[in-house]
Amino acid sequence: MPAGQLVVAHYERLLAAAPWLDVSLSWTVVQPLDGPMDLEEVAELIGGPGTGLREREVEGFDGGRLRLFMAALDPGQVAGADPPALDHVFRLLPEPAAPLSHAGAMAVVQLDSGAHLDADWLESPQYALVFAEEA
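One point on numbering: in this note's numbering, the residue at position 15 of the sequence shown is 15, and numbering is uninterrupted.
Honestly, the hints are just simulated from the structure, not real lab data.
As the structure is a prediction and not an experimental result, all values here were calculated from the model.
Note that beta-carbon positions come from the ideal geometry of N, C-alpha and C, so glycine has one too.
It cannot be assumed that every hint is accurate.
Unchecked claim - Just the calculated beta-carbon pair ranges, DEER-fashion:
| # | residue 1 | residue 2 | range |
| --- | --- | --- | --- |
| 1 | Gly-50 | Met-1 | 18 to 28 angstroms |
| 2 | Leu-39 | Pro-94 | 31 to 41 angstroms |
| 3 | Ala-3 | Ala-97 | 11 to 21 angstroms |
| 4 | Leu-39 | Gly-114 | 13 to 23 angstroms |
| 5 | Ala-97 | Glu-12 | 13 to 23 angstroms |
My request is simple: use the sequences and hints to build the entire structure.
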């Protein structure tokens, strides 16, 4: 089975085991250019100086520059600063031009960034970025 299909199958199994992911997941990956970053550095990068972190039950976050936006998870509706940025990944999927399932979208994140989401991660403590409320 090709790599793209294996990764999609992994996320189909993960979504079947944790169905809440299908309705309440936001997963963004930070890929630093200059070396590893700790959580505090990521929080400050995204939220600015003094941004706090707090542990949450199951909620992941990260951040980075936006390369593209894909309306309705459809590879045919890509816009943004670098629309072809994920073309190399879409070609690995079972149906490269078809709108993505949630498992397919999660596979795209992993295939592009190398970040892997699994059941062990879901069971571990996660952190949320906390922004101060505006007055």
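Do the hints match the structure? See the list:
The hint said 18 to 28 angstroms for the Cβ distance between Gly-50 and Met-1, and at roughly 48 angstroms that hint is violated. Judged by the Cβ atoms, the range 31 to 41 angstroms given for Leu-39 and Pro-94 holds: they are separated by roughly 35 angstroms. One distance hint, 11 to 21 angstroms for the beta-carbon pair Ala-3 and Ala-97, holds here, with the actual separation near 18 angstroms. At about 18 angstroms, the CB distance of Leu-39 to Gly-114 agrees with the hint of 13 to 23 angstroms.
For the pair Ala-97 and Glu-12, the beta carbons lie near 20 angstroms from each other, so the given range of 13 to 23 angstroms is met.
Hint check: a violation occurs at hint 1 only; the rest are consistent with the structure.
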